[in-house]
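There are 2 protein chains.
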Amino acid sequence: MDIVIIGSGNVAYHLAKSCSRSHVKIAQIFGRNDAELSKISKELGIPYSTETLADADCYLLAVSDHAVAEVSSRITKEDCLVAHTSGSLPVEELKGAYRKASFYPLQTFSRNREQDYSKIPFFIEAEYENDAEILKTLAGKISPHVFDSNFEKRKYIHITAVFACNFVNHLFARAQEISDAQDIPFSYFEPLIAETVNKIRELPPKDAQTGPAVRADHRVLELHEALLGGEHLAIYKTMNQSIKKMYDL
Amino acid sequence: MDIVIIGSGNVAYHLAKSCSRSHVKIAQIFGRNDAELSKISKELGIPYSTETLADADCYLLAVSDHAVAEVSSRITKEDCLVAHTSGSLPVEELKGAYRKASFYPLQTFSRNREQDYSKIPFFIEAEYENDAEILKTLAGKISPHVFDSNFEKRKYIHITAVFACNFVNHLFARAQEISDAQDIPFSYFEPLIAETVNKIRELPPKDAQTGPAVRADHRVLELHEALLGGEHLAIYKTMNQSIKKMYDL
Chain A
1 MDIVIIGSGN VAYHLAKSCS RSHVKIAQIF GRNDAELSKI SKELGIPYST ETLADADCYL
61 LAVSDHAVAE VSSRITKEDC LVAHTSGSLP VEELKGAYRK ASFYPLQTFS RNREQDYSKI
121 PFFIEAEYEN DAEILKTLAG KISPHVFDSN FEKRKYIHIT AVFACNFVNH LFARAQEISD
181 AQDIPFSYFE PLIAETVNKI RELPPKDAQT GPAVRADHRV LELHEALLGG EHLAIYKTMN
241 QSIKKMYDL
Chain B
1 MDIVIIGSGN VAYHLAKSCS RSHVKIAQIF GRNDAELSKI SKELGIPYST ETLADADCYL
61 LAVSDHAVAE VSSRITKEDC LVAHTSGSLP VEELKGAYRK ASFYPLQTFS RNREQDYSKI
121 PFFIEAEYEN DAEILKTLAG KISPHVFDSN FEKRKYIHIT AVFACNFVNH LFARAQEISD
181 AQDIPFSYFE PLIAETVNKI RELPPKDAQT GPAVRADHRV LELHEALLGG EHLAIYKTMN
241 QSIKKMYDL
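Listed in order, the protein sequences are those of chains A and B.
Numbering-wise (this note's numbering), the first sequence opens with residue 1 and increments by one.
Numbering-wise (this note's numbering), the second sequence opens with residue 1 and increments by one.
Which bits of chain B does chain A cover? Going by a derived footprint, with three or more residues having C-beta under 8 Å, they are: (1) 55–68; (2) 97–109; (3) 153–159; (4) 164–171; (5) 211–223.
Now the in silico label distances, taken between C-beta atoms and shown as ranges: (6) Gly9(B) to Lys25(A): 54 to 60 Å; (7) Glu133(B) to Glu114(A): 40 to 46 Å; (8) Pro204(B) to Asp148(A): 36 to 42 Å; (9) Thr137(A) to Leu249(B): 36 to 42 Å; (10) Gln241(A) to Lys244(B): 18 to 24 Å; (11) Ala194(A) to Ser22(B): 17 to 23 Å; (12) Leu249(B) to Phe151(A): 23 to 29 Å; (13) Leu44(B) to Ser118(A): 37 to 43 Å; (14) Pro185(A) to Ala69(B): 30 to 36 Å; (15) Ser22(B) to Asp248(A): 35 to 41 Å; (16) Lys42(A) to Asp180(B): 41 to 47 Å.
It is worth saying that the hints were derived from the structure and are not from the lab.
Even glycine gets a Cβ: it sits at the ideal position worked out from N, Cα and C.
This is chain A alone, in the form it adopts within the complex:
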């Protein structure tokens, strides 16, 4: 089976790399950004083009959500399988006469991070059962964690990921702003952050909650509010209100 990856961003790069590592041959990586594609091509030994899309059995679209319709409409071949990699698009977003699918890796991809691809869960949806099997076999070469999905489920997987990853990272960024402003090295908080995450492998997060809000420690909450402003204060209030509601405080 000839596979082409379309895109040159973080997802395209890591998808190409994970295929490479799993000895899945990628026939071409295709996109607009010559500089990026050239780098990926050189690193992974995969041919690339910005002009002529190679003929293939399967196209994996790793482009921004808003580009999926337009880019997919340029695949004029009909006897092929096209899968997007988005958590928030139905397979119908793919515009063409080919067979449609979704191939969603649940992970946060930053360019220069080494990843253990074998830990990534993949969520597969296809119009035809046979295509789902093809994509599950492909994903299964990268990781043993391969699951059926559909758009309804995928949307909620993506939302959960936004809370558990994107928002968590933003809390770290805002936390670092606070500590940086006081010349407190953010590295002090590494063991605390590690324990926060390690703890929930054994304890449901709802049972692991600590801090002033769950203790209903109004003196500390007021002390902190008086020291915070702007977005820090907005986050502080919203999160504490949500903690109070969760525990009926």
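Following the hints, position chain B against chain A.
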């Protein structure tokens, strides 16, 4: 030096255990909760009392912030050092004629968690330099990460910890509510959570941000908002607004 720990909660337990592990002898653990103290005493081989506070050189108060003034006022001995363990109280909250100090371990303590105490940063403040040295030597037996602090700094360390630990844990709890409601196993998100945290050891969190808000993907943001309600929606909006402001979007 005779040391007494006052309190029977998570901090008292882990403080006693970390001393035990570091071969620092604790003369007594003192508090109100007979059942808890009896358990700690049995596990760690430390005498306990709910009635008679032992004579000691140093008392470590591991009680709730709101109890520090009252409990500390019951230490009538004058020639001794009393330290609280709070991130949000000045040493003056200690009420007595003894020498006052603060001994603040930066960690989240849940009862049944094994902890690597040698990773915990300790922040020390004392009225007298000699007492600071005594407490730094004590903390130094538990962990090599011992720092001077003062109330101003401690407050901001605590606030940063609330963002990086308490709020992060709450996001995990809310994320799990969302996935549970859709019968999506929360274990799917473990590699994503691990990578979110591992990433910021190499990349400042501000540079590691991913997700729809930082991509200014308004279609996905609206899709998600339409699927969320209550506190989930409140958190979703506040966090995304803060992300947009951080990156001038």
